[in-house]
Amino acid sequence: MKIHTPLVGLLLAVTGFAQMKTVTLPGKSPLINFRIVLTTGAMMDPADKPGLAHLTAAMLAGGGTKDLTYKQVVDAMFPIAASLGSQTDQEMTVFGGTTHLDNLPAYYKLVRSMLLEPGWREDDFQRIKDDTINSLRVGLRGNNDEELGKEVLYQTLYRGTAYGHYSSGTISALQKMTLDDLKQFYKQHYTQSNLILGLAGGYPANFLEQMKKDFAVLPAKDETPVAAIRPEPVDHTRAVIVEKNTRSVAYSFGFPIDVKRGDPDYPALLLMQSYLGPHRMSGGHLFQRIREIRGINYGDYAYIEYFPRGMNLMEPPPNIPRRSQIFQIWIRPVEPQAAAFTLRLAFFELNKLIKDGISAGDFNRTKEFLSKYVNVLTKTKNAELGYAIDSLYYGIPDYNSYIKNGIAKLTLEQVNAAIRKHLRADRIQIVAVSANAEQLKQQLVGSGPTPIQYNSAKPADILAEDKLVEKLDLGLRPADVQIVPVAQVFE
Amino acid sequence: MLWKLVCLVFTAGSIAAVSAQVKTFPFAYTQQDLSNGLRLVTIPTDSPNLVSIYVVVQTGSRNEVEAGKSGFAHLFEHMMFRGTAKYPPEKYNQVLQRAGAASNAFTSDDLTAYYTTFSKEDLPAILAMEADRFQTLKYTPEIFKTETGAVLGEYNKNSSDPEEKLDEVLHDTAFDRHTYKHTTMGFLKDVQDMPSQYDYSLKFFDRYYRPEYTTIVVAGDVDPKNVRALVDQYWGGWKRGSYHPDIPVEPAQQGARENHIDWPSPTLPLIDIAFHGPAYSDTSKEWAALDALATLAFSRNSDLYEKLVVLEQKVDTLSASMAQSVDPNLWEVEARVKSASDLPYVRAQILETIQRFQNQPVAADKLDAAKSRRRYAFTMGLDNSQSVAAAVARYVALRRSPDTIDKLYSLYSQLTPADIQAAARKYLTENNRTIVTLTGAAEGGGK
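Each protein sequence line maps, in turn, to chains A and B. Just so we're aligned: the first sequence equals residues 0 to 490 in numbering that gives the first Met the number 0. Just so we're aligned: the second sequence equals residues 0 to 446 in numbering that gives the first Met the number 0.
Errors might be hidden in some of the hints.
To be clear about the criterion: a stretch of chain A counts as covered by chain B if any three or more of its residues have a C-beta under 8 Å from a C-beta of chain B, and this derived list gives those stretches [unchecked claim]:
{"id": "1", "segment": "77 to 85"}
{"id": "2", "segment": "122 to 129"}
{"id": "3", "segment": "283 to 292"}
{"id": "4", "segment": "361 to 375"}
FYI, nobody ran anything at the bench for these hints, they're computed from the structure. Bear in mind that the values here come from a model prediction, so they are computed numbers and not experimental data. A virtual CB, placed ideally from N, CA and C, is assigned to each residue, including glycine.
Chain A on its own, in the form it takes in the complex (with noise of 0.2 Å):
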């Protein structure tokens, strides 16, 4: 990895005049992976406009040119088979797309053009500002209760700060902005010192330089300070229900911890996480006491870092840094007549951790596995790329021997007390999407047991769990849960 800048922590809201940042992987490869990343987001969003920075992303990446219109934008691509895509989050916003290199000099044409000459023309703006109004109301709202239960988690934990609303928005405020709004945004945050290049492959020698030299026709101005961000309290345990018509309930719950990647208690928490809820494996603890043990569901996980669309996705997707993040625990839908057991277990579990920490056995296994498993997360070049960007965000080195080196220094004591002191199983913040939500506060505050039903024998000793299961007290009081019809959220 190749990083053209010092190593400066960009978290920090560094003031005067910054250049522009590359970060290279150069290889043999016929593959080039280009990651054009502005350290802007929705956290820069105007209080009165969230889902600016992604409208704005999302109308380089979907819209023609000042010379071509989308339509020949969308034909030049085709024959190549290759895209420009835009994903915004909180702080970073990334342009990623591949091309082979027998057509490098047409796609990057057109890359270039798309980023540095936008059209801004009406038709394409109102057709994506139509896509990103249905991507809430259809494809999260409607269609998708996981993702709907973790993004209403972030927002609550959020609220008041910069992280305060989902990054594509809400729909009366998209509904709201306008082309010009856009431009604004585009003239103040796309700027050079904003701007990280990111380029993978066997591009030619000269290709680099001749970026630089097309990319510094962007603004040349200072960064933009930042306010930190310190999500209130959770002082006690606390419910969002979002009631709408649908078969389960899904459920997201969690904190805000003070630890991400470079922090000294982050090896150990990944470690945790590791241990507790690997993101779609079967070995995680939670995924075995829930699902394995239980079958009472698809699939349960714990993160310390933000992760979305995990139900599309294997593994995290990279450019998506943030300088505050959560610990959470994802529950997949449960059928109604297990929904209150199933919460009660996961806290269950939860305060076994705190209390019991981790094995020793287990430690040594989740180390191990850790250690190797980095290098399936950056098994592609584009992947390696992305997450290289990352390290230069968070002032860390290549993120592998990051790992490798945070690992391997770990005793099994610091993870544990890594765990006591950023974990806890009081003051949580919970999520659940769910029909009946009448039904299931009810369930949740009481103090009456909410035994499960199984349809087959359990081992003697999973009976004796249940039973401490069944009715322990979450901390939920009745006033502290809330009942949100889902057509209000993100509205």
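Given chain A's structure and the hints, the job is docking chain B onto it.
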């Protein structure tokens, strides 16, 4: 990885041909058959230290021939993680963890595939453990019932998506006899009845989890000789089976069919227009022609996409596909419409577009662009050991060999506008057509 055009290298006796023709699949590979019928495909790639294994069983929802047993191939995908005497689930997971492995499985119409990506030094341990579960899987009725709960959980997590329902109703409406009538998840009533089907599950395993149904694809930082020796050692003793399913043949459809779904929640209207198409073929041009037609008529650079999505903005997604299946399956166009009042208009536009392709040959330059796109899209996807093994697994389910990839792309390169027109005329007829629409409880949308 450095790609170049290569020749096939076959090292085993079952297939002896060595071809010097230009290849779309850019890797040299070995393909070998064990005497028990198991096939091994090994593909060294430039993926330092990483190996991906796909164990492909040529059994999917297509094989679920008995009434009330839909969803069993998929259920079996779950049962395969329930352990053996030698590797109970806990030990199985520990071996995967020690290998830093990413591991999962999936089921489709024609296959069930089990995949693992890991560090190369763990190849013997992983191959030994996989061999064990394919040969000696063991689970109690209680464990079986518990796992059916996880399968119902999977049905539940899918059930909030109206497109899943649309697919379920489309296949149920379009097919009468063939097992493509049901989706891979199966009918809900069959999923709910799974807990009482323990004995049938044993029968299912006995029938299909056999070497003659199975191909192991290994890609990455490997030496084929070493892989072969390990596969001989751990998989060589697996006993061949004798079961041959009697897959019902779908009779020709007699007349257009329609169906409608009232979705209980607000969502955007959907329309799916489908026709019975041919089975996958690497020898006849018809399948490739219909696949190309789907791209030419309905992809992002098509005239209709420009009209409905870009200019009129009545539709927000439009796509078409020819199912890549062992038996004849559906060619479909699907659109998501912003307003239910536009459903009849969009339906008419799609049908008119199909008619236009039946009446006029496509321009040669457009066909060339579609051919170029398909070839680049395929080869650009082969950027790591896992994606290489995954791409091969998909074709292994159809023809049990990567050589079908080059045969298919060779057919593609020979496609003419007349081929496209002829396939459209033959298959996309009214008698052969099923249309399913879906509308939400209260209409929403961005307009």
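Checked hints:
Only residues whose C-beta sits within less than 8 Å of a C-beta in chain B count toward coverage, and the segment 77 to 85 of chain A has 5 of them, enough to reach three; the restraint holds. Restraint check on the segment 122 to 129 of chain A versus chain B: 5 residues with Cβ-Cβ distances below 8 Å, three needed, restraint holds. Counting residues of the segment 283 to 292 of chain A whose beta carbon lies closer than 8 Å to any beta carbon of chain B gives 4, which reaches the threshold of three, so the coverage claim holds. Counting residues of the segment 361 to 375 of chain A whose CB lies closer than 8 Å to any CB of chain B gives 11, so the stated coverage by that chain holds, three being the minimum.
Hint check: no violations occur; every hint is consistent with the structure.
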